[in-house]
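**Student:** Sequence:
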Amino acid sequence: MTELFAYLDQCLAEMQEANKQIDKSIKFAIKQGIIMPELENTDERESQGHQ
1 MTELFAYLDQ
11 CLAEMQEANK
21 QIDKSIKFAI
31 KQGIIMPELE
41 NTDERESQGH
51 Q
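Each residue of the sequence shown is one higher than the one before, counting from 1 in the working numbering.
A hint or two may mislead.
[Stated by the list, open to error] Restraint ranges, calculated between C-beta atoms of paired labels, are given here:
hint	residue 1	residue 2	range
1	Met36	Glu14	24 to 32 Å
2	Thr2	Met36	21 to 29 Å
3	Pro37	Thr2	27 to 35 Å
4	Lys27	Phe5	28 to 36 Å
5	Gly33	Glu3	45 to 53 Å
Quick caveat, the hints were computed from the structure, so don't treat them as lab data.
No experiment lies behind these values; they were computed from the predicted model shown.
Cβ atoms here follow ideal geometry from the backbone N, Cα and C, with glycine treated the same way.
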């Protein structure tokens with residue numbers, strides 16, 4: 001049972017790390033205007049990214 005919890009804990013940690021990477025990628029893409037290019041300046045993009 002302890003091994004199962006250790007394994008699940010590791011899976012959770014890996015998922016959270018992957019989530020951070022995805023978040024960074026999305027924020028970068030918004031900054032570059034790849035996603036949501038209708039946002040004109042980076043200030044608007046930044047505030048949109050934090051919603």
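**Student:** A separate judgement is required for each hint: does it hold in the structure or not?
**Tutor:** Evaluated hints:
{"no.": "1", "hint": "Met36 with Glu14: 24 to 32 Å", "in the structure": "holds, 28 Å"}
{"no.": "2", "hint": "Thr2 with Met36: 21 to 29 Å", "in the structure": "violated, 45 Å"}
{"no.": "3", "hint": "Pro37 with Thr2: 27 to 35 Å", "in the structure": "violated, 50 Å"}
{"no.": "4", "hint": "Lys27 with Phe5: 28 to 36 Å", "in the structure": "holds, 33 Å"}
{"no.": "5", "hint": "Gly33 with Glu3: 45 to 53 Å", "in the structure": "holds, 47 Å"}
Of the numbered hints listed earlier, those contradicted by the structure are 2, 3.
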